[in-house]
Each structure stands twice: as structure tokens, then as C-alpha cells.
Amino acid sequence: MGDPLFRDGVDGAVLLIVVVKAAVVFGALLVAVLFMIWFERKVIADMHSRIGPNRAGPFGILQTLADGIKLFFKEDLLPEQADRRVFRLAPYLSIVPAFLAFAVVPVGGAISVAGHDTILQLADPPIGVLFLLAMSAVAVYGVMLAGWSSGSKYPLLGAVRASAQMVSYEAALGLSTATVVLESGSLSTAAIVADQAVWRWNLVSLGFVPFVIFVIAATAELNRPPFDLVEAEQELVGGFHTEYSSVRFALFFLAEFMNTITMSAIVVTLFLGGPSGPEIDFLPSLWPVVWFLLKVLAFLFGYVWLRATLPRFRYDQLMDLGWKKLIPLSLGWLLLIAAIRIGEDRDWSFALTFFGGLAALAVAWALLQVAVRVGRQAAEVPPTPAPAPEEVSA
Amino acid sequence: MGYLDGFKVTLRQMFRPDVTRQYPEEKRPKPERFHGRHVLNRYEDGMEKCIGCELCAGVCPARCIHVRGADNPPDHPVAPGERYGYVYEINYLRCIHCDLCVEACPTEAITESKLFEFSFTNRADAIYTKDELLVDDDGMPRQLPWEDWRPGEEQHTSAWVRATSPSGVAAYEGQVQWSAELGFGVRPPEQGQAAELPADGSGDAEAEG
Numbered sequence: 345m346g347d348p349l350f351r352d353g354v355d356g357a358v359l360l361i362v363v364v365k366a367a368v369v370f371g372a373l374l375v376a377v378l379f380m381i382w383f384e385r386k387v388i389a390d391m392h393s394r395i396g397p398n399r400a401g402p403f404g405i406l407q408t409l410a411d412g413i414k415l416f417f418k419e420d421l422l423p424e425q426a427d428r429r430v431f432r433l434a435p436y437l438s439i440v441p442a443f444l445a446f447a448v449v450p451v452g453g454a455i456s457v458a459g460h461d462t463i464l465q466l467a468d469p470p471i472g473v474l475f476l477l478a479m480s481a482v483a484v485y486g487v488m489l490a491g492w493s494s495g496s497k498y499p500l501l502g503a504v505r506a507s508a509q510m511v512s513y514e515a516a517l518g519l520s521t522a523t524v525v526l527e528s529g530s531l532s533t534a535a536i537v538a539d540q541a542v543w544r545w546n547l548v549s550l551g552f553v554p555f556v557i558f559v560i561a562a563t564a565e566l567n568r569p570p571f572d573l574v575e576a577e578q579e580l581v582g583g584f585h586t587e588y589s590s591v592r593f594a595l596f597f598l599a600e601f602m603n604t605i606t607m608s609a610i611v612v613t614l615f616l617g618g619p620s621g622p623e624i625d626f627l628p629s630l631w632p633v634v635w636f637l638l639k640v641l642a643f644l645f646g647y648v649w650l651r652a653t654l655p656r657f658r659y660d661q662l663m664d665l666g667w668k669k670l671i672p673l674s675l676g677w678l679l680l681i682a683a684i685r686i687g688e689d690r691d692w693s694f695a696l697t698f699f700g701g702l703a704a705l706a707v708a709w710a711l712l713q714v715a716v717r718v719g720r721q722a723a724e725v726p727p728t729p730a731p732a733p734e735e736v737s738a
Numbered sequence: 162m163g164y165l166d167g168f169k170v171t172l173r174q175m176f177r178p179d180v181t182r183q184y185p186e187e188k189r190p191k192p193e194r195f196h197g198r199h200v201l202n203r204y205e206d207g208m209e210k211c212i213g214c215e216l217c218a219g220v221c222p223a224r225c226i227h228v229r230g231a232d233n234p235p236d237h238p239v240a241p242g243e244r245y246g247y248v249y250e251i252n253y254l255r256c257i258h259c260d261l262c263v264e265a266c267p268t269e270a271i272t273e274s275k276l277f278e279f280s281f282t283n284r285a286d287a288i289y290t291k292d293e294l295l296v297d298d299d300g301m302p303r304q305l306p307w308e309d310w311r312p313g314e315e316q317h318t319s320a321w322v323r324a325t326s327p328s329g330v331a332a333y334e335g336q337v338q339w340s341a342e343l344g345f346g347v348r349p350p351e352q353g354q355a356a357e358l359p360a361d362g363s364g365d366a367e368a369e370g
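Those protein sequences? They're chains P and A, same order as listed.
Per our numbering, the very first residue in the first sequence carries number 345; after that it's consecutive.
Per our numbering, the very first residue in the second sequence carries number 162; after that it's consecutive.
Just chain P, same shape as in the assembly (with noise of 0.2 angstroms):
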């Protein structure tokens, strides 16, 4: 695969091309976080029978744009206590990781500019599932540093948070990706997505499982509701950027919504085919785009609908969710695929292997139900009589 606009060297045409593909991902983010705050705000909105923004521009639009001009213009507070070089670099970890991982994500077809065919997505390199899952794992670090350089309680206690369930849901989120690269046999994401091409898309192949682990595991991963606690506003005040004001918390703010959208399209390239879908004659490089978007503003739409009526969750129900189900079903269906994969090499009986496998799965899942309540057992000993106060000795 790779893009087809290296194929014949790198001269100035095609940097310049890639510089311009640069320029418009980056503006295109930038711009769909505007849409998104004001999307998220709005639909909140319809669902609790209020307004929303209706102000600044028509349909309050422009609210985003007043309230980050807003951001702007405030003072910019670096705590007394803060570990000023790692408090000033924390926003950057987090934002920086959200730009990037976008830039794997293809959004349309090829198109051809000045003599030179391209495809719609900004790189696409060989290891393009391994930077996404990179790149979600460096976010971590910009939480994590965020809290522990304000040298404040509550940003450390949302840090800690933070780290732990980001890094508990990566698993789940890395073994359920797994399976799409084992039914595509490839780490590109545009190989991926034509793998996928027309209606082949690993949602319906991979058999729901790995999709519905995914989506949850990103939103773990995103610190979306239900699973904000990182940031729950009851307990934390603000989690792990209570203490950033000013530019710094726009970026924090910025990185959220940008890691939202960015893993809704993630999802989208990796189950729901990407740009594919009908073919219309007229304008044929523009319907993909167009599927694209469509297929993201349905994923933001759903984070938002979770947002408006899932309550959140308490930490141990998050931590087992994440380690007692999401990983032992992700790496189960892993084996599933795998078992399937292999007996479609060697002409084994497609019923056979997956009830045999499903079968295998059971039993697997009630040896982990055994296994955790032993564990629960042997935690709960009974409280050790306090030992005798000892004897003051010379």
C-alpha cells in the first residue's frame, strides 16, 4: 500500500502537497472541535428540554469561539507549588498525541492535485494501528504529569485515576483491536479500510464483540461519561487540570474533544469501513468524505446520547468492568478469530471450530468466575486478633 504520491520520489510539489494536507488536517480538527462543543452542548440540550447556546451566531455557533477567545484572555496561574517546566509541558502531551493520531486516519479516497495522485489521509504509515495505540498511550502522560506537577490534592487524586483506568482500558482497547488486524492481516490503516471495502466491515465479520469492547474501552479511554471520574467535577473539582486556567486549560480542553472525535474515527476506520459506502457517479471523490463524516457524526452523537443519561460509574465498578470482563472477553474473542482464521486455512469445519471455540471460551470464563471468588475469599481473612501491646524492652 502507502501513499501513492511518494512513488515517484519526493520533490517540491510533493512536500508542498504534504505540507498543505498538513495545514487543512490540523484546520479541519481545529474546526470540528468548534462543531463538536457546540454539537455536544446543543444535543445535551434537546435532552434536558433546554435551549443551549443560542447567542453568538446563528444557532450560537459561535459560542466556542467566544468562550476559547474567552480562555484566552484570562490570566494564566502556574501554582506555587506546580513543577513549573512539567505543569507547562502537560498540555502540550495531551493535545499533541490527539493531533497525531488523526493523522492515520484515512477519510476519503484517492484524489489526484496538479499531476499527482494522493490519498485523503494525512500518513499512512505501515505501523499505522501501532501509532494510534502510541499515541493514545502518550495521552496518558499528559493527564498524569497535568496532576502531578500542579502540586495540589485534588488534580494528583484525578491523575492517579486518570493513569490507572487509561492504562487498565488500553488492554482491552489493544487486544480488541488485535482482531481487526488479524482479519486484515495488515497495521495499515488504509489496508484496513480497503480490506473492508463495500460492506465487508470487521463490525459484522469480527462478530460485534470486539466492536462493542472497543467503543467502551475508548470511552474509558477518553474520559468520556460514564467514565469520567478523572475528572468528576463532585468529587475532584475539575480532576487533573483544577489547577491550569487560561490558554493551558483551553488545550486541555481542546484535547478532549479533539481525542473524541479522533477516536470516533478510529472506530469508524476500524470496523465501520472507513469512507466506504454507496458509490454515486456524480462527484466520485467526495461521497467517501462524505460516508466518513456521516459514520463520525453518528459515533459523537452516541457519546453525547452516553453522556445524557449514564450515570457514572464508582471506581471499583470501573476497574471491574475493565480487568474482570472487557480483558478476559477480548482476549477470548482474540483466540475466537484466531481459532477461526486458522481452520479456514486448513479446511476445518466452520461450525466445528467456532461452538468448539465458543465452548472453549465458557468453560475458560468459569474457571476466571472460580479464580476471582477464591481470590475474593482468601482477601477477606478474618481480622487478626490485635497482637498483645508489646513490652516497653531495655
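Hints listed in this document are in silico derivations from the structure and should not be mistaken for laboratory results.
Taking lysine-lysine pairs in the DSSO-like style, the calculated list, with each CA pair at most 30 angstroms apart, reads:
| # | chain 1 | residue 1 | chain 2 | residue 2 |
| --- | --- | --- | --- | --- |
| 1 | P | 386 | A | 188 |
| 2 | A | 191 | A | 291 |
| 3 | P | 386 | P | 414 |
| 4 | P | 497 | P | 414 |
| 5 | P | 386 | P | 418 |
| 6 | P | 386 | A | 191 |
| 7 | P | 386 | A | 169 |
| 8 | P | 668 | A | 169 |
| 9 | A | 169 | P | 669 |
| 10 | A | 188 | A | 291 |
| 11 | P | 418 | P | 497 |
Chain A is nowhere near these chain P residues, computed Cβ spacing over 10 angstroms in every case:
| # | residue |
| --- | --- |
| 12 | 402 |
| 13 | 418 |
| 14 | 459 |
| 15 | 528 |
| 16 | 538 |
| 17 | 591 |
| 18 | 711 |
Note that the Cβ used here is the ideal one computed from N, Cα and C, for glycine as well.
With chain P fixed as given, assemble chain A onto it according to the hints.
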């Protein structure tokens, strides 16, 4: 579907009409008994109703009313009768709009309007003097620079006086026992306030007693 029922609720809510009103542009009708700022009423011939008896000041739990009565000048009296309210001030930083002054007033001189949108910016403006409280020559409250009202809003007065029956006896419900006001004449009584009277007329016994 158990877990997923909540999603149905939020989705259904999207298609229901919003409850939000665009407040400064669009105002909701105010409740019947809404207590806003006071007005000092006048009789239909333009005479002031206030007789300077200070009952309102005496009953005020917030001690926000300051009244001083004076003898009417014989050649051009301000109020019918012997005395009139010479000084009348209400401090709206203290007033709790309990309407006790309205209940205490023997001549219905002080009543409450439904005007509540006044945002003065200094303490002197918070004290409404007699000039500001007294209705104008058409019987309408005077609009002060810091008050926000729209045409028609000055027409509303709190219905308390006209709702309860004189002396608090249900048997008199609906009977007009208040004097006419400049600009409005005799205001009609508010209906539907009393419970059904017993058929044997036992409610009247109380009224006679």
C-alpha cells in the same frame, strides 16, 4: 430492555418542546399573587389614599418603611380627611415583599404591583420615596430609569387585596369592599377563592359573631 431504557428516555426528550424561555425578550405571565414593588394609590379624583397612619411601618417585619404623617393643608388637601402621608419611603434593600403592609393598610393606599425587575446600582436609589411610589396622574406606576418593564406590565397589581374576603370571612367572598382607584376604577373581585359554603348557612353565623 433494562439497561437501555434510559437511552430511550433521553432520546424521547430530544423531541419534546423545550421549557426554556428567552427571558429578557420573552416574559412569562406572572402568578396571580406575585409580589413586586409597591405603589401608593390615589382615589379617582386624584386624592392620595394614604392617611399617614404608619400602620404599614408598624407591621413591617423588615422595618423597611418610613412614614411621617402631616395635617392636610386646608386650602388644597392632599388626601381626604385630616392627615396625609407627608413622607413615605420604602427601602428595597430590606423589603421582603411579604405584603403585610398591604394587609395592614386601612385605605388600600399601598398595594403591590408585579414589577420586580429593578436593578439599582447605589443605596440611595434603593430607597423609593413618595414621588417614586405614588402613581402618576393616570393611576399608573412611574417607571424609574433602572426599572425594566414593557407596556402593559404596569396594569398588573397583586391580587391579594381583591382575593380574600373582607375581614377574612368566607361568607363575604366576592363582595367589593374596596374603594375605586385612579385609572382603574373599582377593581373586580377575584373569583373562586372560597370553598363551597355549607348548605345550612352555618358559615354566616361566624360572620355575624
